[in-house]
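2 protein chains.
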Amino acid sequence: MMKIIGKMGKGKIYRDEKAKFSILLDSVAKKADIAEGKRAVEDIIRVIYRHQPISTKKIAQKTRLPLPIVAKVRTILERERILKRTERGAELTELGIEFAENFLKLKYKKSLTCSVCNGRGIVLDEFFEDILNRVKVWAKKRPLANTTIDQSFATPETSTYRVALMYERGDLEGKRILFVGDDDLTSLPAALTNMAEEIAVVDIDERILKLIEKFSQKEGVKIRTIKHNLRNPLPDDLKESFDVISTDPPYTVNGLKLFLSRGIEALGKEGIAYLSYSHKPIDEWLSIQKAITNMGFVISELIPNFNYYEGSEIIANTTFIARLIGRDLKAEIGDTEKIYTGLVKPVIRYYKCLKCGKIHKVGEEVKKVEDLVCECGGKKFKMVKREKIKE
Amino acid sequence: MMKIIGKMGKGKIYRDEKAKFSILLDSVAKKADIAEGKRAVEDIIRVIYRHQPISTKKIAQKTRLPLPIVAKVRTILERERILKRTERGAELTELGIEFAENFLKLKYKKSLTCSVCNGRGIVLDEFFEDILNRVKVWAKKRPLANTTIDQSFATPETSTYRVALMYERGDLEGKRILFVGDDDLTSLPAALTNMAEEIAVVDIDERILKLIEKFSQKEGVKIRTIKHNLRNPLPDDLKESFDVISTDPPYTVNGLKLFLSRGIEALGKEGIAYLSYSHKPIDEWLSIQKAITNMGFVISELIPNFNYYEGSEIIANTTFIARLIGRDLKAEIGDTEKIYTGLVKPVIRYYKCLKCGKIHKVGEEVKKVEDLVCECGGKKFKMVKREKIKE
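Here the protein sequences line up with chains E and D, keeping their order. Just so we're aligned: 927 in the numbering used here is position 86 of the first sequence, and the numbers increase by one with no gaps anywhere. Just so we're aligned: 923 in the numbering used here is position 82 of the second sequence, and the numbers increase by one with no gaps anywhere.
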């Protein structure tokens, strides 16, 4: 049975109440100082209304907004008494429900996202489930993410689903596939299918390549690994040698241009690109779309919330995957230096020593978490906070 | 259990056999004279390999290629003895299987498309299923499609799923929605939800508007109808008055530009657009993507094979839906005359009288099927063939 709440809303809202809520919405959006403005605040309230109680992380995933933004808006909404925090997550107050039903005119609470495929449109069968289980073991052996080069590891589910999507679209069997950067280890499930003609990985991080090499040896599959800084053109023997590329580049316009352009070198005039990328504010996404279009790629498919990443609550996020088809491709490289988010928007990260609990700063004197050793001798850390440096 | 067929393929293919298949693929693509070339032929063979026996219509849906193209390639592949036609549809011959397994390196036959949501990512719940059932009754009352203005009716499932998607993304409840052309009758399920703040339809076809008005009266819902030729700017009272627009425009670049631009007039500087559009060859889709980008829309989501249409086998096809978000929108209108496909690529359609079986030509002397009356007095016709006029 459907539940309709708030039938009383329409028409019975007082003029001054409407004005009050309108001013409130404006003020929350302004205080939060976010690119998407009122729409983002509306989205957050709608997601809470439909799914309450709900964790901040889940709100971020469902609204596709960055977690720090959601946390900020949530705090402001708490202060305005629109919502309250309970043990089980955020819930709307009576005022919040009034706001949702009388002003935003929400009334229906069900989610229609397919629970079988989680909105991805494809499902794993036994063959791919088996691959996923084998990938999980290896994913645990990954080194610590080097955030200075925007590493952030996709879950084993994510990498396996990517390969399943490639299979489903005819981009796996008999194809030569290059992973342009592969900290997500998507080459692992790809190799385990035994369907591709060739699988190769270029990455700057030797640790990732070594893990892939070890995997190949143990699992008896073939993955070509090439250590390479993508700021430089691809080695000649990789040029015009692939049918398909896959990349999850740094989430900056220059990062995307560089990684996709190296991908184009590998494809030649035509080919398929799987692009995983962050749900960006409209302005930024528009310049990305322009760059993609200029390179000669069409977006033949774009699935939001396809990719999920491992890590602390702070960076837990979700990104989309797009299947691009190119026919008359041309590289378009921007500034090859400022490709990582940390270089565009410097960030300080706070890590907690898992042994003694001491908090360490990373991003100024200590550049990356890998260089961190605690006074207690602890070498394992968990990120607990992230801050942008004001320039 | 997974089935792997063709394990023997890899490595055991003779050099001359490989050359033979390569030449064959080139020659089929060339004979078919299709924009997507070899890739399209590969896609067709892969879909048959995975789903055989399979009807031509299903091949067209799964490859997203136009039905006449698929029919043409199928005929050539038959002539080349790659496939045979059985009562149950197309099947690969022994040579075809060799081609698929040894040359294209296909081996796995399962489809991973989610069978619950059919790849759309969303499902209807009881509330929306109920709406679908009510829409079905009204869809039967539609007039005959006027193909000179590119009418082609989406199924009731399609229009209901569109509205479900709008709901899921937060673009329905409390929103003012304009349908820029609505031969698909998507305004019907939208109105039946009782969730929108306002629903309006502009269309050039009085028959469609009258049906919508009759529907509104009988079902007790409110849909504003405006008869309007979109070649002219929107009436002033529709300008900057909507949050969301939805359109399934003529599948020409000028048609898309015109309909989206009128949509922008309705939205003002920012808003959401649901665009349903045909899977076009890359070159054409690239100019569409450019136009969309120039107008200021980002493609936040693009779901292939979302829309299905009613009609004879000949025009049975599938299109995608894209959710566009605009922030600093500006209209971009091209040639406002050549907006319909028939004006860009003149077509002759052949209709069969359902009473006496006589075949009639439509497109030259007789411009549209509506003007057709058979000598036997028959007034109902079924399209049986379509031909492009060579210019």
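Because the hints were derived from the structure by calculation, they are not lab data. Keep in mind that the hints are not guaranteed to be accurate.
If chains are identical, the list can't say which one is meant, so a pair holds when it fits in one copy or spans any two.
To be verified - Calculated lysine to any residue pairs in the SDA-like style (CA-CA distance at most 25 angstroms, straight line):
1. K1131 / Q893
2. K1131 / L965
3. K1199 / T954
4. K1221 / G1198
5. K1110 / Y1149
6. K1171 / L1127
7. K879 / K1171
8. K1063 / E1228
9. K950 / R891
10. K951 / D867
11. K1220 / Q902
12. K946 / H1069
13. K872 / E1205
14. K872 / D1169
15. K1059 / E1228
16. K859 / K1063
17. K879 / G1219
18. K981 / E1111
19. K1202 / D867
20. K1131 / E1173
21. K1110 / A1132
22. K1171 / S1141
23. K898 / N1073
24. K1131 / V1094
25. K1171 / V1094
26. K1131 / K1171
27. K925 / P1076
28. K950 / S993
29. K861 / G1183
Check K1202 against D867 for me: Cα-Cα at most 25 angstroms, and say if that holds within a copy, between copies, both or neither. neither (35 angstroms within a copy, 60 angstroms between copies)
With identical chains, the pair K946 and H1069 could be close in the same copy or across copies; at 25 angstroms between alpha carbons, which is it: within, between, both, or neither? Intra 54 angstroms, inter 30 angstroms, cutoff 25 angstroms: neither.
My question is about K950 and S993: at a cut-off of 25 angstroms on alpha-carbon distance, are they close within one copy, between copies, both, or neither? neither (33 angstroms within a copy, 34 angstroms between copies)
I want to check one pair: K859 and K1063. Are their C-alpha atoms no more than 25 angstroms apart within a copy, between two copies, both, or neither? between (64 angstroms within a copy, 23 angstroms between copies)
Within, between, both or neither: how does the pair K879, G1219 come out at a Cα-Cα threshold of 25 angstroms? Neither, since 44 angstroms and 58 angstroms both go past 25 angstroms.
When no copy is named, should K861 and G1183 be tagged within, between, both, or neither for a Cα gap of at most 25 angstroms? For K861 and G1183, neither the intra-copy (40 angstroms) nor the inter-copy (53 angstroms) Cα distance is at most 25 angstroms.
25 angstroms Cα threshold - placement of L965 relative to K1131: The answer is neither: 33 angstroms in one copy and 35 angstroms across copies each exceed 25 angstroms.
Within, between, both or neither: K1221, G1198 at alpha-carbon 25 angstroms: within (10 angstroms within a copy, 80 angstroms between copies)
Since the copies are identical, ignore which copy is meant and state whether K1131 and Q893 lie within 25 angstroms (CA to CA) inside a copy, between copies, both or neither. For K1131 and Q893, neither the intra-copy (38 angstroms) nor the inter-copy (40 angstroms) Cα distance is at most 25 angstroms.
At most 25 angstroms between alpha carbons: which applies to K1171 and L1127, within, between, both or neither? Both, since 19 angstroms and 14 angstroms are each at most 25 angstroms.
First find the shortest C-alpha distance between K872 and D1169 inside one copy, then the shortest across copies, and answer within, between, both or neither for a cut-off of 25 angstroms. between (46 angstroms within a copy, 22 angstroms between copies)
K925 and P1076: within-copy, between-copy, both or neither at 25 angstroms Cα: neither (56 angstroms within a copy, 45 angstroms between copies)
Checked against the numbered hints given earlier, the structure breaks hints 1, 2, 3, 5, 8, 10, 11, 12, 13, 15, 17, 18, 19, 23, 27, 28 and 29 and satisfies all the rest.
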